[in-house]
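This is what each chain is made of:
2 protein chains.
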Amino acid sequence: MNLKQHIEVMLPAIEKELQKQVARLDADNTRHFHEMLTYHMGWTGEGAGREATGKRIRPLIVLLATASTGADWQPSLPAAAAVELVHNFSLVHDDVQDNSDKRRGRPTVWAKWGVPMAINVGDALFVISNQAMMDLVRSHPAAVVVEAAKILHDTCLSLTRGQYLDMSYEERNDLSLEDYWPMVGGKTSALLSACTHIGALLGNAGKEEQEAYREFGYHLGLAFQVQDDILGIWGDEAITGKSAASDLVEGKNSLPVLYGLGKHGKFAERWKQGPIKVNEVKTVSALLETEGGKSYAEAISERETGIALEYLDNANPRGAAGESMLELANMLLKRSQ
Amino acid sequence: MNLKQHIEVMLPAIEKELQKQVARLDADNTRHFHEMLTYHMGWTGEGAGREATGKRIRPLIVLLATASTGADWQPSLPAAAAVELVHNFSLVHDDVQDNSDKRRGRPTVWAKWGVPMAINVGDALFVISNQAMMDLVRSHPAAVVVEAAKILHDTCLSLTRGQYLDMSYEERNDLSLEDYWPMVGGKTSALLSACTHIGALLGNAGKEEQEAYREFGYHLGLAFQVQDDILGIWGDEAITGKSAASDLVEGKNSLPVLYGLGKHGKFAERWKQGPIKVNEVKTVSALLETEGGKSYAEAISERETGIALEYLDNANPRGAAGESMLELANMLLKRSQ
Chain W
27 MNLKQHIEVM LPAIEKELQK QVARLDADNT RHFHEMLTYH MGWTGEGAGR EATGKRIRPL
87 IVLLATASTG ADWQPSLPAA AAVELVHNFS LVHDDVQDNS DKRRGRPTVW AKWGVPMAIN
147 VGDALFVISN QAMMDLVRSH PAAVVVEAAK ILHDTCLSLT RGQYLDMSYE ERNDLSLEDY
207 WPMVGGKTSA LLSACTHIGA LLGNAGKEEQ EAYREFGYHL GLAFQVQDDI LGIWGDEAIT
267 GKSAASDLVE GKNSLPVLYG LGKHGKFAER WKQGPIKVNE VKTVSALLET EGGKSYAEAI
327 SERETGIALE YLDNANPRGA AGESMLELAN MLLKRSQ
Chain Y
27 MNLKQHIEVM LPAIEKELQK QVARLDADNT RHFHEMLTYH MGWTGEGAGR EATGKRIRPL
87 IVLLATASTG ADWQPSLPAA AAVELVHNFS LVHDDVQDNS DKRRGRPTVW AKWGVPMAIN
147 VGDALFVISN QAMMDLVRSH PAAVVVEAAK ILHDTCLSLT RGQYLDMSYE ERNDLSLEDY
207 WPMVGGKTSA LLSACTHIGA LLGNAGKEEQ EAYREFGYHL GLAFQVQDDI LGIWGDEAIT
267 GKSAASDLVE GKNSLPVLYG LGKHGKFAER WKQGPIKVNE VKTVSALLET EGGKSYAEAI
327 SERETGIALE YLDNANPRGA AGESMLELAN MLLKRSQ
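Same order as they appear, the protein sequences are chains W and Y. Yeah, the first sequence ends on 363 if you go by this note's numbering, and it's all consecutive. Yeah, the second sequence ends on 363 if you go by this note's numbering, and it's all consecutive.
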């Protein structure tokens, strides 16, 4: 079994588990509420389908981590659903916080049903994520379920920390490189490390192996995020699907930008004068590239990729699932989109 | 030990546990974030103190329930903190959803720091509540912790259901009495039943006793909510501390109002014409009283009080703590404020 075959078997199982979990709200007097959740998950409404669900990378990583320890991946399905629900809860609230009215090409939940309902939809996805975790008790000892839940809860607190830092940075004019890591560590990396850690724990891996899986996920997250930052400024619009350099226009405090600010050069001067306009993007991104922002970020991404793959090697992933995990990591890290 | 003495011992322990839990965010780069939580909890900022913390009724009920089973209440402290954190998470999000800029006489979190930060503060309180529950594992078997966590998660999903119904009712003009119970059952009652249920579970009560405690909390919540509805229309402003009849002006779908709407009389006619103005309150509340809204709600409150006290009796609460639990229930149910 290669990665493609693993995905073909695992994705439908993930989707089924997610639908079962979300169906907790499928009752007569909360039908419309349930619909808001199924819309956000990409199953219903205009534009429903694979484009709208997202790639389900996080639950796939949970299942592959369990399988790579040599255990059956099926009993990990509730945990896989739980991390995907956490991810989606944070997206629904993020969209309100960032005032984003589009997500994966469709109107966001708040854009369709208003902010109060969207807050409640995010809360419900979060609650259901917790409920999914407790379902693990059907196939795992309660002590393991508590340990897995603790990992996920700690991760969720990191998410709120990362979100706080991200929002508080918007008002600051004195940011530098060192402000980047706590923010990113709390967002993308925390959740990916929970995926690999919980997956390994449920596969009954030893403490050292679990730790290697956790570190693998963490650095995979960092490398992935830095690549995303690079693509957000210099990516090919036709490949990424986002308007090129939208991160500059949105004033996102990405790694290249924070590097550029630390240089106190012409880029920093322009950045501090206020929002970059669309017609300036080409000049400003070229300026940032000249001042070293792109090559710095590429070096960091390469470094983190190397660390991630070393930890994966230490984790001693087994069999076809181990191969698929490596393939998935490589795909995520060398992606052009 | 009577109720007053129980409160004097338990309240400081609850407050200490809450502060310890919330301190998870007390780090250099999240100090300001931590401050937002401590402000909401009533510990810091202008107006901090007993008035700002609220009465901590819910955690008190958890501890009294455990103690009434004959067990030590101290090991239940993390659960007591968890339910209070859930309550506070829901208040922070409610205030955003209802656009309320004051809570317990102080500016709400969103009014001070904006909606995006307030959403994140609520999320963090919710996460910390989950973390607190897992701390139970220090003094309880993991299987019991999982059971307690499941009860709390189910309750949280009920809260989002109740919140959904409450918000969706704002747009409806065809409400009747039967729409009241699912909404109220999901809000006040669900959380109070979790308090008594979890308290009894942690005290190692038998299944039947647990069930009696759960039902006691549920009907206590209903009786309490209906009383609140009555006071919101006919309460003495000097005693309740809210402006009299503010519920009518705010258009709250309380039990007396839904009863009145079902009568299709003059009250219903006026209600459907649009918001009640402050200078109409006296006339409209008199109209609703004449049409039977007040006496109906009083009868329901009395019925639910009776059911609650019968379940408490079935639960066989023991010792001084059992007496205090009855005293607290009576205090809540016969309150004039």
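I should point out that these hints are in silico values taken from the structure, not numbers from a laboratory. Check the hints yourself; a few may be wrong.
Beta-carbon label-pair distances, calculated as ranges [to be verified]:
1) Y:R130 to W:R57: 50 to 60 Å
2) Y:S321 to W:A169: 48 to 58 Å
3) Y:Q31 to W:A169: 30 to 40 Å
4) W:I83 to Y:N55: 20 to 30 Å
5) W:K81 to Y:G291: 31 to 41 Å
6) Y:Q45 to W:E34: 46 to 56 Å
Straight line, CA to CA, 30 Å or less: simulated DSS-like cross-link-like pairs of lysine-lysine [said to hold, decoys possible]:
7) W:K46 to Y:K320
8) W:K308 to W:K298
9) Y:K233 to W:K138
10) W:K176 to Y:K298
11) W:K176 to Y:K233
12) Y:K176 to W:K176
13) Y:K320 to Y:K289
14) Y:K320 to W:K278
15) Y:K46 to W:K233
16) Y:K42 to W:K138
17) W:K128 to W:K360
18) Y:K81 to Y:K278
19) Y:K128 to W:K138
20) Y:K138 to W:K138
21) Y:K176 to W:K42
22) Y:K46 to W:K176
23) Y:K138 to W:K128
24) W:K128 to W:K303
25) W:K233 to Y:K176
Fair warning: this is a prediction, and the values are worked out from it, not measured in the lab. Ideal placement from N, C-alpha and C gives every residue a C-beta, glycine not left out.
Numbers of the earlier hints that this structure fails to satisfy, in rising order: 1, 5, 7, 9, 10, 14, 16
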